[in-house]
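Undergrad: Each chain is listed here by its residues.
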Amino acid sequence: MTLSELTHSTGEWLRGVGSYSDVVISSRIRLARNLASMPFLSTATVEERTNIYQTLAKAIGEVSNGSNALLIDIENAEAIDRHLLVERHLISRQHAVAEGSRGVSISPTETLALMINEEDHLRIQALRSGLQLEDAWSEVNEVDDKIGKNLTYAFDQQFGFLTVCPTNVGTGIRVSVMVHLPALKLTKEIERVDRAARDMRLAVRGMYGEGTEAVGDLYQISNQTTLGRHEEEIIDDFSGKIIPRIAEYELTARDSLAKHRGAQVDDKIWRAYGALANARCISSEETLNLLSAIRMGIHMGRLDLIDIPKLNEIFLFTQPAHMQKRHGAPLTGEERAVKRADYIRKQMVA
Amino acid sequence: MSLVCDNCQEAKATVHITDTIPEKRERHLCKQCAEREGVLIKQTHQTTADILQEFIKHKAGVGEMDDKSCPQCGMTFREFRMKGQLGCPHDYEAFRSFLLPLIERAHNGGSHHVGKVPGSAGSDAKHRTELTRLRRELDEAVRNEQYEDAARIRDRMHILETEVSETS
Ligand SMILES: [Zn+2]
Ligand SMILES: [Zn+2]
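Protein sequence lines, in the order shown, are assigned to chains A and B. The opening position of the first sequence corresponds to residue 285 in my numbering, with each subsequent residue numbered one higher. The opening position of the second sequence corresponds to residue 960 in my numbering, with each subsequent residue numbered one higher.
Treat the hints with care, since some could be wrong.
Mimicking DSS-like on lysine-lysine, the simulated pairs with C-alpha atoms at most 30 angstroms apart in a straight line are [to be verified]:
| no. | chain 1 | residue 1 | chain 2 | residue 2 |
| --- | --- | --- | --- | --- |
| 1 | A | Lys543 | B | Lys1001 |
| 2 | B | Lys983 | A | Lys623 |
| 3 | B | Lys983 | A | Lys472 |
| 4 | A | Lys630 | B | Lys983 |
If you're looking for bench data, these hints aren't it; they were derived computationally from the structure.
Given only the sequences and the hints, what does the whole structure look like? Please build it.
TA: Pasting the structure below:
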């Protein structure tokens, strides 16, 4: 498997299946782990950092033996490849732009990514489309057990798994679910989500983690409390309470739009379609915002000229690193805007 | 010249957006209005820096702690306060009593780990974790007057407690 091969498909999390897939784009679970015998990366020397990288790369290799996983040395990877991995949600933005020895191991289906030397020594994460947290958890849990058999993790009776940042101690788990909330935004009721988040101690972020812009009406909802609660308890909360509640808000808002503002909603959806089908140069941000209206239109049953898998393909392939990787050469922002519009027009008529 | 928010006509506009639908137009909003519209995501969670800030405001005497350092990595408590990141796993031991209130605050009162334990931490740790969970289930069973369940949980706890005390 190579990185270029990845750019032919959208990967597991954009398959558009799973429960609540009309609101939930994807689910992710990650565990933060550190080696007991090494300092945290905040104080590690260059040699120690390299040592951690080698130790973990070896342990991961032994665990994934024969599974055809791809280990990428991020420190020495091209910028375009690092950004490609960010766009595919396989590494964080921070991991892409950091310095020093670091890497990621990716399973062939892209459901599993193990980041070495991100904020903590090891971050094990599983990705799924829709709401499939139990499935993601069983994969992460199993890999964690296997790696933990050969290595000694930093662990404390009271504080659990020790992390560089005390906000992650205990289970070291972060559950995050990416939801699409266009109707709540249109009806200006997004505050309901803020309120729910505050009640349930959740963090709300944009599509690529930190940062505050809600591009494409996509929000990532994640837990903050990691100490004093079981992994399963945290996961059950998301599957049984948090996500159903937020999905309910969004679906109610969609119903109300359909009932009271049908013409305006159709206008928004079909103008978005018209713009994408006719644009001659378009930015990736505008593309994401127009695709958001179309995604809503498909789920509300008001537009059927395109389906969700096709829409997800456009969503991913029009992002800057994917545009260039698929083109096979670097492109300036202006060249990308033209190529992007050409590509989208072809997809819309096909 | 500073722009005034298009929406409330009061606060200073700091967020500038270009709508393309229904027509191409530029809009200028203040932070509050942008958050209300969902253009900006309202930050509902506390970052480590926020928690540290708040903690230090309320906790007197933290200054005396500042010069303490970890014997393993040399990080001082002051450096931790500035960075929000610890230096090595031993820091949790070195600064335990000072970290505990901060950790409790960050974890909604949680002060003890429950959940997975690493294989290498031994079955003792596993048992302790299970005990914590069972204790909670026992409370729940008693509260719901499920006395058969409660008895079963008590039996299991008894076995675990004996094993833990034998190994330690
Ligand atoms: Zn305003
Ligand atoms: Zn230390």
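Undergrad: Decide, hint by hint, whether the structure agrees.
TA: Now the hints, each set against the structure:
As the CA atoms of Lys543 (chain A) and Lys1001 (chain B) are separated by approximately 29 angstroms, the hinted pair is consistent with the 30 angstroms bound. Straight-line distance between C-alpha atoms of Lys983 (chain B) and Lys623 (chain A) comes to about 22 angstroms, which keeps the hinted pair within the 30 angstroms bound. Under the criterion of a C-alpha separation no larger than 30 angstroms, the hint pairing Lys983 (chain B) with Lys472 (chain A) is consistent with the structure, at around 20 angstroms. A distance of roughly 24 angstroms separates the Cα atoms of Lys630 (chain A) and Lys983 (chain B); the hinted pair therefore holds under the 30 angstroms criterion.
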